[in-house]
Amino acid sequence: MTRRLVQSFSKGATGFLLGLGLWWALPVPYTGLLAWLSEPLIRIAECPPVTRLIPNGTELTIDRSDFPRASPRPALLVMDLSSNVILLATLFAVNRKPLSDRNFAGLLLASLVLVVVHVAAVVMNVQSIYALRLGPWSQRNYGPVARNFWGAGAHFYSVIGAFGAAFALWWLFRPSAVPAPNQRPARRRAAVGRLTN
Amino acid sequence: MAPRPLRARIVFVTRFIAGMLVLYAVVAFNPVNDSVIVPFTELIARASALVLGSVESGVVVAGTVIRSPRFALDVQNGCNGVEATILLVAAILAFPATLRSRLTGLVVATVAIELLNLVRLSSLFWLGEHHRRTFDFFHIAVWQSLIILAAISMFVLWSWKFAKKPRAESL
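Residue numbers (the working numbering), protein chains in the order written: chain A, 442 to 638; chain B, 220 to 390.
Because the hints were derived from the structure by calculation, they are not lab data. Mixed in with the good hints there might be a few duds.
[Stated by the list, open to error] Where chain A lies over chain B, by a calculated footprint (3+ residues, C-beta under 8 Å):
no., segment
1, 224-235
2, 238-248
3, 294-302
4, 305-317
5, 358-371
[Unchecked claim] Heads up, simulated BS3-like pairs for lysine-lysine below, C-alpha to C-alpha not over 30 Å straight-line:
no., chain 1, residue 1, chain 2, residue 2
6, A, K452, B, K380
7, A, K538, B, K380
8, A, K538, A, K452
[Stated by the list, open to error] A short list of chain A residues far from chain B (calculated; beta carbon distances all over 12 Å):
no., residue
9, P489
10, R510
11, Q580
Using N, Cα and C, we set each Cβ at its ideal position, and we do this for glycine too.
Model the full structure from these sequences, guided by the hints.
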């Protein structure tokens with residue numbers, strides 16, 4: 442038990458550092474990717490479509506063609522939204538055979554779904570800014586239910602949803618500790634065959 | 220239809236997400252927040268100041284704010300350990316186990332998380348006072364992940380030790 446714990450701890454520490462490095466090294470291209478994926482989704486619900494998400498280093502600047510020219514533009518810090526990638530990398534590193542093909546395939550699938558989660562988080566946060574932080578404009582365009590919905594959604598994601606999503610994806614996509622029936626050792630299958638014949 | 224282990228995982232994740240949403244709705248409800256979460260956060264702030272008082276001088280608390288002549292830290296929702304506890308409670312409730320195992324896991328793990336959270340708040344305050352430039356990095360990237368990792372580790376340990384073995388294996 443103690444040896445297993447020490448092994449898990451060292452694997453987890455390695456995964457944590459790798460995830461931290463990834464999160465620290467790639468925020469600028471990832472901000473561009475999230476802007477490219479999220480902007481069309483936000484514009485779908487708009488008539489006319491006016492929102493533009495402009496990647497600006499590690500920030501997403503939110504612009505609308507109907508904003509007054511002189512007013513400041515709100516921005517989102519993408520690194521805050523995507524920090525759960527550190528947790529996901531750590532959890533996959535703790536799996537029994539972290540360098541196996543199955544673990545890498547699971548990590549890849551989980552990471553792809555995590556990108557979708559990040560896109561949803563960007564949409565939620567942009568809507569939350571529209572609904573709550575633009576003063577009289579927010580009051581005019583968003584009712585109390587919409588303001589509560591988008592505000593609570595963005596808050597939920599920031600305090601717990603981001604980490605819950607990483608944990609749920611690890612749980613879903615981690616390789617099973619118990620081999621699937623068609624992957625059991627041949628000797629066992631032969632024995633079952635003898636019994637049933 | 221999904222194979223049995225996959226189905227069991229999907230059921231667990233569905234229950235886990237539902238649990239998180241319900242628990243979040245409960246703690247975000249204004250009367251609960253005002254009468255339970257805020258006083259609890261003030262208690263956490265006072266306990267952190269007590270820990271800090273053993274290594275720093277001039278640390279005082281006002282409500283949820285820990286203050287010294289050089290730095291102040293407002294302990295808000297998300298920094299009081301409640302979010303990690305919600306994740307842990309949702310996972311333990313979603314996992315097949317006896318009521319007694321669940322209660323044991325909930326009590327032991329919640330206390331452990333809050334003790335670790337005291338270390339987080341004290342170390343963040345110390346960093347804010349002495350190494351201000353690294354404060355944000357440790358606040359967002361390191362400690363948030365570590366607290367949630369601690370909660371998940373406790374859940375995994377609990378599931379090894381206490382959960383109903385036959386059904387646990389299928390997950």
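A quick look at each hint next to the structure:
1. 224-235: It holds, with 6 qualifying residues against the three required.
2. 238-248: Satisfied; 4 residues make the cut.
3. 294-302: holds (count 3)
4. 305-317: holds (count 4)
5. 358-371: Coverage by chain A holds here, the residue count being 8 at a Cβ distance below 8 Å.
6. K452(A) to K380(B): 21 Å, holds
7. K538(A) to K380(B): 21 Å, holds
8. K538(A) to K452(A): This hinted pair holds, its Cα atoms lying about 10 Å apart.
9. P489: Since the minimum Cβ distance to chain B is about 34 Å, P489(A) lies beyond 12 Å and the statement holds.
10. R510: Given that every Cβ of chain B is farther than 12 Å from that of R510(A), nearest at about 32 Å, it holds.
11. Q580: The claim stands: Q580(A) keeps its Cβ more than 12 Å from every Cβ of chain B (closest is about 20 Å).
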